[in-house]
Structure formats: structure tokens, C-alpha cells
Amino acid sequence: MTLKRFFLAAAAIFVFLGLASSPAPAAVGCDLNDPDRDVPRLFPGATRYETLTLEIQKLGGDRLLGRIESRLRDKLRGLYETIDVPYTLYVIYRGEEKIGYIHGVTQKGRYGGIQIFLALDLDESIRTFYIQKISGPHAGRFRKPGFAEGFVSLSLADFERYEVATGQATGRVARIENPAPLAEQDFRFTLRGTKKNLILVNEFLKMSAQLAPKKGNASQ
Amino acid sequence: MMTKFQVACKNLMRKKTRSFLTLMGIALSAWVLVSLLGFNQGFEAALDRDIDNMGFQMMLMAKGCPYEAATMMLKGGTGLKYLPQSVAQDVLKEPEVEAITPMLMQTVFDPDKGENGGIAAYLGVDPASYGAMKTYLKFRQGGWFGQGDALEAVMGYEAAELEQREAGDLIFIPEKNLELRVVGVLERSGTQDDGTIFVPLRTLQRTFGRQGELTTIGIKVRKDADPGRIEEKLYELPDVQVVSLAQVKQTVMSLVSTAKALVLSIAIIAIVIAMVGVINTILMSVHERFQEIGILKTIGAMPGDIFQLIWMETLLLCAAGGMVGLGLSLILSRVTEWLVRSVLPFAPRGALVRIDLDLMLLSLGAISVIGLLSGLYPAWKAGRIRPLEAIRSEVGG
Numbered sequence: 001m002t003l004k005r006f007f008l009a010a011a012a013i014f015v016f017l018g019l020a021s022s023p024a025p026a027a028v029g030c031d032l033n034d035p036d037r038d039v040p041r042l043f044p045g046a047t048r049y050e051t052l053t054l055e056i057q058k059l060g061g062d063r064l065l066g067r068i069e070s071r072l073r074d075k076l077r078g079l080y081e082t083i084d085v086p087y088t089l090y091v092i093y094r095g096e097e098k099i100g101y102i103h104g105v106t107q108k109g110r111y112g113g114i115q116i117f118l119a120l121d122l123d124e125s126i127r128t129f130y131i132q133k134i135s136g137p138h139a140g141r142f143r144k145p146g147f148a149e150g151f152v153s154l155s156l157a158d159f160e161r162y163e164v165a166t167g168q169a170t171g172r173v174a175r176i177e178n179p180a181p182l183a184e185q186d187f188r189f190t191l192r193g194t195k196k197n198l199i200l201v202n203e204f205l206k207m208s209a210q211l212a213p214k215k216g217n218a219s220q
Numbered sequence: 221m222m223t224k225f226q227v228a229c230k231n232l233m234r235k236k237t238r239s240f241l242t243l244m245g246i247a248l249s250a251w252v253l254v255s256l257l258g259f260n261q262g263f264e265a266a267l268d269r270d271i272d273n274m275g276f277q278m279m280l281m282a283k284g285c286p287y288e289a290a291t292m293m294l295k296g297g298t299g300l301k302y303l304p305q306s307v308a309q310d311v312l313k314e315p316e317v318e319a320i321t322p323m324l325m326q327t328v329f330d331p332d333k334g335e336n337g338g339i340a341a342y343l344g345v346d347p348a349s350y351g352a353m354k355t356y357l358k359f360r361q362g363g364w365f366g367q368g369d370a371l372e373a374v375m376g377y378e379a380a381e382l383e384q385r386e387a388g389d390l391i392f393i394p395e396k397n398l399e400l401r402v403v404g405v406l407e408r409s410g411t412q413d414d415g416t417i418f419v420p421l422r423t424l425q426r427t428f429g430r431q432g433e434l435t436t437i438g439i440k441v442r443k444d445a446d447p448g449r450i451e452e453k454l455y456e457l458p459d460v461q462v463v464s465l466a467q468v469k470q471t472v473m474s475l476v477s478t479a480k481a482l483v484l485s486i487a488i489i490a491i492v493i494a495m496v497g498v499i500n501t502i503l504m505s506v507h508e509r510f511q512e513i514g515i516l517k518t519i520g521a522m523p524g525d526i527f528q529l530i531w532m533e534t535l536l537l538c539a540a541g542g543m544v545g546l547g548l549s550l551i552l553s554r555v556t557e558w559l560v561r562s563v564l565p566f567a568p569r570g571a572l573v574r575i576d577l578d579l580m581l582l583s584l585g586a587i588s589v590i591g592l593l594s595g596l597y598p599a600w601k602a603g604r605i606r607p608l609e610a611i612r613s614e615v616g617g
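Order-wise, the sequence lines are chains A and B. Take the first sequence: its letters are residues 1 to 220, numbered as in the working numbering. Take the second sequence: its letters are residues 221 to 617, numbered as in the working numbering.
Hints were generated in silico from the structure; no laboratory data involved. Among these hints, one or two may not hold up.
[As the list claims (entries may be wrong)] Some but not every residue of chain A turned toward chain B, in silico, with C-beta under 7 angstroms: (1) P35; (2) L76; (3) R77; (4) Y80; (5) T82; (6) P86; (7) G112; (8) S135; (9) R143; (10) F147.
[Unchecked claim] Per label pair, the in silico range of CB-to-CB distance: (11) B:S477 with A:K206: 39 to 47 angstroms; (12) B:K301 with A:R41: 50 to 58 angstroms; (13) B:V563 with A:A148: 49 to 57 angstroms; (14) A:R63 with B:E407: 52 to 60 angstroms; (15) A:R77 with B:D444: 34 to 42 angstroms; (16) A:P145 with B:G338: 49 to 57 angstroms; (17) A:A148 with B:E395: 53 to 61 angstroms; (18) A:T82 with B:F329: 26 to 34 angstroms; (19) B:F329 with A:E149: 51 to 59 angstroms; (20) B:E407 with A:S155: 49 to 57 angstroms; (21) B:G363 with A:A165: 27 to 35 angstroms; (22) A:P145 with B:E395: 47 to 55 angstroms.
[Stated by the list, open to error] Derived lysine-lysine pairs resembling DSSO-like cross-links, with alpha carbons at most 30 angstroms apart: (23) A:K108 with B:K396; (24) A:K144 with B:K313; (25) A:K108 with B:K358; (26) B:K313 with B:K396; (27) A:K75 with B:K283; (28) B:K313 with B:K354; (29) B:K358 with A:K75.
Remember, predicted model here, so these are calculated numbers, not experimental data. The beta carbon of each residue, even a glycine, is placed where N, CA and C say it ideally should be.
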């Protein structure tokens with residue numbers, strides 16, 4: 001066997017073993033790609049964070065799911081918006097003082113999943129709005145700072161009146177401008193994802209007091 | 221009148237504890253033996269199954285860094301160099317080749333993925349040949365593309381989950397500004413296909429301006445063909461390199477053979493200990509029944525009768541122990557498998573210990589033969605006992 005072929009075989013074995021032994025992952029949740037970098041960017045002033053992994057099924061099962069759907073005024077539907085999706089709640093600290101939360105959801109979009117992250121103050125109002133991933137010809141416009149600024153300081157109270165089925169908005173939500181009029185569907189999906197996100201955080205905070213978070217460091 | 225079989229049973233039952241312990245010794249040896257032989261045939265079958273699940277046993281790609289090439293093919297990624305599609309036809313002409321499947325991997329930069337953008341990868345395949353090779357791929361929704369150049373896509377389970385796609389939804393290829401309709405979502409397969417977005421080969425070639433080019437050709441070799449020979453032949457093609465999964469199998473098997481040799485040694489030691497235990501038990505029994513055997517001889521028992529009687533006892537012990545061992549190996553096959561998995565450097569998916577009827581009969585036969593051999597000496601010794609000498613003795617000779 002030549003040296004080259006040996007390396008070839010070794011490489012194939014390495015990858016083959018890795019593939020064959022890798023466990024099947026659970027349902028996809030929505031995590032920050034690089035929390036140590038993203039947390040201080042989304043939450044200026046944060047010095048550390050802790051994470052909680054939460055599932056509707058484990059926290060309250062069908063009853064909690066029903067309550068979330070009722071507040072959303074829409075069903076959590078499709079193959080992937082299921083009761084057992086694991087969500088990660090980042091609890092944000094400045095020193096020892098808790099200052100807020102970051103939470104993300106994946107919302108079905110026209111061309112792919114839209115990952116919407118909200119950095120929330122302790123009163124659950126939006127401090128930073130961040131789309132981690134979105135697909136489509138107009139995707140870039142939804143990631144522009146101008147669009148994100150429209151969400152700042154909004155809270156669940158503002159979104160309670162937003163109708164996800166029709167896209168009818170009132171009050172401050174109605175003032176959020178669609179950055180890509182040709183991508184109306186993705187605009188509505190973004191608002192639905194934001195409302196779902198706010199409801200989930202609200203419900204999770206009510207129910208997760210007994211869970212122990214895992215520690216992490218936010219690199220400034 | 222009692223038969224020799226009944227007498228043998230009765231004799232064994234006289235010393236229940238000793239017979240039971242001997243029987244358990246044989247049973248444990250049989251368990252180790254059967255489990256080892258079951259592992260021997262199960263492991264290779266499981267490894268073959270894993271390799272078969274990959275659909276092809278060889279991959280042909282343009283020359284480049286071997287590590288990158290293997291990784292690209294198995295994990296996904298774009299090729300450094302391309303093969304002309306005509307090579308696929310050349311490969312198919314080889315008599316050792318059963319089937320081929322041409323593939324083209326392409327990637328684009330997606331600026332709207334993560335903070336600094338990310339890479340999206342697409343695998344162009346010919347659904348007829350790819351699906352035929354990867355028969356384990358099952359659809360959760362929909363099916364393969366309608367035509368070879370359709371603007372359609374099939375998504376692996378995890379890719380669809382990440383993108384929240386279902387059959388009928390759209391996906392978008394950034395840079396190329398191309399919409400594709402998802403026509404199928406695969407069930408989870410536990411392979412690299414789970415994270416793949418499949419696009420018709422011609423569609424991908426056209427979209428990326430790579431008409432007539434491939435990154436890889438998956439090759440399925442005929443079962444009776446010599447993989448080494450076809451590999452040599454493929455290396456005669458200009459500027460190609462071959463990754464053979466036969467090499468992978470060979471190396472994995474050589475890794476495992478060390479563990480097998482170790483377990484085989486333990487099994488042989490266990491069998492030898494069990495044999496010595498059987499010889500000891502039967503000799504003790506003959507010794508204790510010295511007078512009794514003498515009396516049997518005085519009332520007309522021939523040396524052959526005594527030999528058969530003692531041999532029968534040995535056979536009974538070994539057969540019963542062997543059957544208990546077989547039962548243990550069946551009941552504890554999951555435990556054995558767990559133990560094997562915990563010590564092996566690599567174990568394929570699926571059952572590692574395969575115990576079938578043939579194996580059970582073979583093992584039982586082997587244990588009985590070993591038992592009979594073990595009983596030869598005690599039976600011969602019992603047959604040679606002199607009646608008068610035995611009757612005169614106190615307890616035994």
C-alpha cells in the first residue's frame with residue numbers, strides 16, 4: 001500500500017467511524033451560533049450568562065401547548081413546530097445581577113427556517129431584535145439594523161393584538177415597516193415568530209423557576 | 221429394569237451440588253463459546269450492513285488531498301477538482317462494476333446565515349441510480365424528482381428540520397437566485413444523507429455552469445468481484461483517486477481481530493477448565509462408587525457396560541450444561557453485546573452478536589464431543605476396576 005493510499009484509507013476510516021458512531025440528534029431547537037460572542041453583542045453590558053433548556057412537553061405538556069396556541073391565536077403546526085422542540089433560554093447577568101434574557105425561535109419562512117432572537121429586559125420588553133438566519137432573495141433586508149430597530153422596546157402587550165392569521169396589526173406593531181414589500185410572507189412570518197418568541201419566554205419564565213441553569217461566560 | 225440412561229441420571233442426582241456446579245462450569249464455557257462465535261459472524265455482518273447502507277463500496281474522485289477528498293464525499297463539501305462525466309461511462313464498462321452513481325457537490329456562500337454568513341451545500345444526484353444504491357433511504361413525505369433537470373429538491377431529515385421544509389415548500393439558492401421546490405423529505409437514516417439537500421444532477425450542473433462535470437462517482441462492485449483488482453484498474457484512469465470502503469472494512473476488521481483473539485483465548489481457557497472439571501467430577505464419582513462398580517461386575521456387568529455407563533454420565537452433564545449455556549447466550553445476548561461494545565474501539569450499528577440455529581447446533585455438538593473426550597479416561601478407568609479388589613476395599617481404590 002502506498003503512503004497516499006494509506007492516508008486515503010485512514011481518512012476514510014476516520015470519517016466512516018465518526019459517521020457510524022455519531023448519535024442521532026434530537027429535534028432542532030434554536031441556539032445562538034456562538035453565544036460567548038453573541039451575548040455581549042445582543043445584550044451590551046452582559047458579563048456572563050446561564051442557559052436553561054426548556055421543552056413545552058416537559059414543562060406543561062398539552063395544557064401549556066394549548067395556552068401558547070390560544071395566546072398566539074394560531075396552532076403550532078407542521079413537522080417541526082412540535083411540542084418536544086428544545087428551546088434555549090439565555091439568562092443574562094452583569095456581575096451577579098440578573099439583567100435580562102435572550103431567547104430564539106425558528107419560524108417557518110417562505111424559503112427556509114427564520115431564526116429570530118430577542119434580547120429582553122427583565123420586564124420582557126425587547127432590547128435587541130436579531131435574525132440569525134433567513135433565506136430568500138430579499139433576506140438581507142430583514143437583517144438590516146433599521147428593521148430591527150422597529151422592534152426595540154416592544155413587548156408581549158404590544159403583540160397580543162397582532163393577528164398572525166391575517167397579519168392585521170394595531171398600535172406600535174403596525175408601525176413596523178416591511179423592509180421588502182415583495183417578501184410580504186416573510187414579513188408576516190417574522191412577526192409571527194416574534195410573537196411566538198415573546199409568548200414562549202413569558203410562559204417559560206412562569207414555569208422554569210425550579211430549573212437549575214448552566215453557566216457560561218460572555219467574552220466582551 | 222432400569223436402562224443405562226436412567227442409572228446415569230440417578231448417579232448424577234446423588235451428588236446434586238457437585239453435578240450442578242460442574243454443569244454450571246460447562247454452561248458458562250458454552251456461553252462464552254457461543255457468544256464468541258455469534259459475535260464472529262454478527263460483527264462482520266453488521267459491518268457489511270453498514271458499508272452496504274452507504275450504497276457503494278468505492279468512490280472515485282479527481283486527484284487532490286486524500287483527506288479532504290474522503291471528508292468531502294462522506295461529510296459533504298465541494299470538490300477541489302472535477303471529473304469529466306465521461307469517466308462514469310468508462311467505469312461502468314468494467315466487468316467488476318455492478319452500478320455507478322454520478323454526483324456533483326456544490327456550495328454557495330449564504331450571507332444571511334449567522335453573523336458572518338455561512339456555507340450552503342447541495343448534492344446533485346441522479347435519482348434513479350442514487351436511490352437504487354441507497355435502498356435504505358425512505359421518504360417521510362413525497363418522493364424523488366420528477367425529471368433529471370427539474371427545479372426540485374429532496375431534503376434529508378435534518379436539513380428539512382433545520383430549514384423547516386416540507387414537501388411543496390420552496391428553498392432558495394443564494395448567489396444563483398434560484399428557487400427550488402421541495403418534492404420529498406427523507407426519513408432519518410442515521411447517515412450523512414440526513415443533512416443533505418439533493419438536487420437533480422443536471423439542474424445543479426446547469427445552475428453552477430458545471431455541465432459534464434462531476435465531483436464524485438459512487439461505485440458498487442459486484443459481490444463476487446475482487447475489490448483490489450477493480451481498484452487497481454481504476455487507478456489506471458488519468459488523474460483520479462479511489463477511496464475504497466473495502467479498505468475501511470479491512471482495517472476495522474484488523475482492529476477488531478485483536479479483541480477477538482483475546483476473547484477466543486479466554487473461551488479456550490474456559491473450555492479447558494470446564495473439561496478438567498468434568499474429568500474431576502466423573503473421576504470422583506468413579507472413586508466413590510468403587511465398590512458399587514465391583515459389585516456390578518460380579519453380577520455380570522462387562523467392562524464395556526461400565527464404560528458406557530460412565531461415558532453416559534459425562535455426556536449427560538455436558539449436553540445439559542451446553543443447553544443451559546445456549547439458553548444463557550440467547551437470553552444474555554444483549555448484555556454480551558453491550559459488553560462487547562464497551563471494549564471495542566469501533567462497533568457498527570445493529571446486532572453484533574448473531575446466534576442462529578446452525579451456530580447453536582454446531583456449539584452443542586462441539587461441547588458434546590469435548591465432553592465425550594473428557595469422559596474417556598474416567599470411563600476407561602472405571603471399566604478396568606477388578607471386582608474382587610473393589611469389594612475387598614474400604615471405600616475406594
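Right, here's what the structure says about each hint:
no.	hint	in the structure
1	P35	violated, 12 angstroms
2	L76	violated, 12 angstroms
3	R77	violated, 10 angstroms
4	Y80	holds, 5 angstroms
5	T82	violated, 10 angstroms
6	P86	violated, 12 angstroms
7	G112	holds, 4 angstroms
8	S135	holds, 5 angstroms
9	R143	holds, 6 angstroms
10	F147	violated, 13 angstroms
11	B:S477 with A:K206: 39 to 47 angstroms	violated, 58 angstroms
12	B:K301 with A:R41: 50 to 58 angstroms	violated, 39 angstroms
13	B:V563 with A:A148: 49 to 57 angstroms	holds, 54 angstroms
14	A:R63 with B:E407: 52 to 60 angstroms	violated, 31 angstroms
15	A:R77 with B:D444: 34 to 42 angstroms	violated, 52 angstroms
16	A:P145 with B:G338: 49 to 57 angstroms	violated, 20 angstroms
17	A:A148 with B:E395: 53 to 61 angstroms	violated, 24 angstroms
18	A:T82 with B:F329: 26 to 34 angstroms	holds, 31 angstroms
19	B:F329 with A:E149: 51 to 59 angstroms	violated, 27 angstroms
20	B:E407 with A:S155: 49 to 57 angstroms	violated, 41 angstroms
21	B:G363 with A:A165: 27 to 35 angstroms	holds, 31 angstroms
22	A:P145 with B:E395: 47 to 55 angstroms	violated, 24 angstroms
23	A:K108 with B:K396	holds, 22 angstroms
24	A:K144 with B:K313	violated, 55 angstroms
25	A:K108 with B:K358	holds, 24 angstroms
26	B:K313 with B:K396	violated, 36 angstroms
27	A:K75 with B:K283	violated, 52 angstroms
28	B:K313 with B:K354	holds, 21 angstroms
29	B:K358 with A:K75	holds, 28 angstroms
Violated hints, listed in ascending order, are 1, 2, 3, 5, 6, 10, 11, 12, 14, 15, 16, 17, 19, 20, 22, 24, 26 and 27; each of the other numbered hints is respected by the structure.
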